[in-house]
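> Produce the entire structure from the sequences given, and follow the hints as far as they go.
In the order they appear, the protein sequences are chains A and B.
So for the first sequence, my numbering puts the first residue at 1; every next one is plus one.
So for the second sequence, my numbering puts the first residue at 1; every next one is plus one.
A few of these clues could be false.
Unchecked claim - As a list, the in silico EDC-like pairs of lysine to aspartate or glutamate whose alpha-carbon atoms are at most 16 Å apart:
| no. | chain 1 | residue 1 | chain 2 | residue 2 |
| --- | --- | --- | --- | --- |
| 1 | A | LYS78 | A | GLU56 |
| 2 | B | LYS41 | B | GLU102 |
| 3 | A | LYS69 | A | ASP55 |
| 4 | B | LYS40 | A | GLU5 |
| 5 | A | LYS100 | B | GLU53 |
| 6 | A | LYS100 | B | GLU102 |
| 7 | B | LYS41 | B | ASP85 |
| 8 | B | LYS41 | A | GLU5 |
Just so you know, the hints here were simulated from the structure itself, not pulled from any lab data.
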Amino acid sequence: ILNVEQSPQSLHVQEGDSTNFTCSFPSSNFYALHWYRWETAKSPEALFVMTLNGDEKKKGRISATLNTKEGYSYLYIKGSQPEDSATYLCACTLSGGYNKLIFGAGTRLAVHP
Amino acid sequence: ETGVTQTPRHLVMGMTNKKSLKCEQHLGHNAMYWYKQSAKKPLELMFVYNFKEQTENNSVPSRFSPECPNSSHLFLHLHTLQPEDSALYLCASSQALTGTGELFFGEGSRLTVL
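Right under this line is the structure:
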């Protein structure tokens with residue numbers, strides 16, 4: 001059974017703070033790791049898809065790293081803004097190239113002005 | 001037209017009703033998915049369709065019946081549901097079943113079973 005864990009469950013930061021959260025997953029049979037951002041009353045939107053150990057991706061102030069050997073990924077937000085407030089989901093697929101994404105419960109981020 | 005559209009956005013039904021959720025994608029994708037999110041639980045995969053063929057049924061009770069008439073449309077037929085089936089049902093699509101293809105989600109259908 002594939003179990004994807006995210007921490008912390010929720011996070012409150014002040015505008016301008018940098019923050020990061022963790023996604024952990026079983027390292028055996030790993031295939032791909034996805035990060036999604038989900039704003040309230042909207043649909044989840046893909047941020048990154050990562051497959052290679054040591055991979056690092058960046059989109060604006062948001063970046064992510066991947067360690068497939070130890071089974072974790074970090075998502076970083078630099079200089080948080082109120083519009084960054086959302087739930088950040090990570091999801092994992094196992095080898096086989098099959099798009100059966102297993103999601104973690106998410107980290108809910110609130111950025112206060 | 002947005003990429004993935006779900007209707008209705010909200011649905012209230014009794015346990016003896018029959019209703020359907022509809023999903024339509026305008027992205028030219030070949031794979032479509034139903035996910036369920038219950039309160040304080042992760043998104044839970046229900047069904048996967050690839051080129052209209054069902055490739056995954058994640059042990060979903062038969063009171064949920066999916067239908068995929070073509071690659072652009074996906075339905076979830078609901079009958080004799082239980083109150084614990086109340087949840088947000090999300091539809092998603094992807095270009096293909098590759099494992100690295102990002103999912104494009106609809107905004108969900110919020111279902112309440114009385």
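> Are any of the numbered hints broken by this structure? If so, which, sorted upward?
Of the numbered hints, just 2 does not hold.
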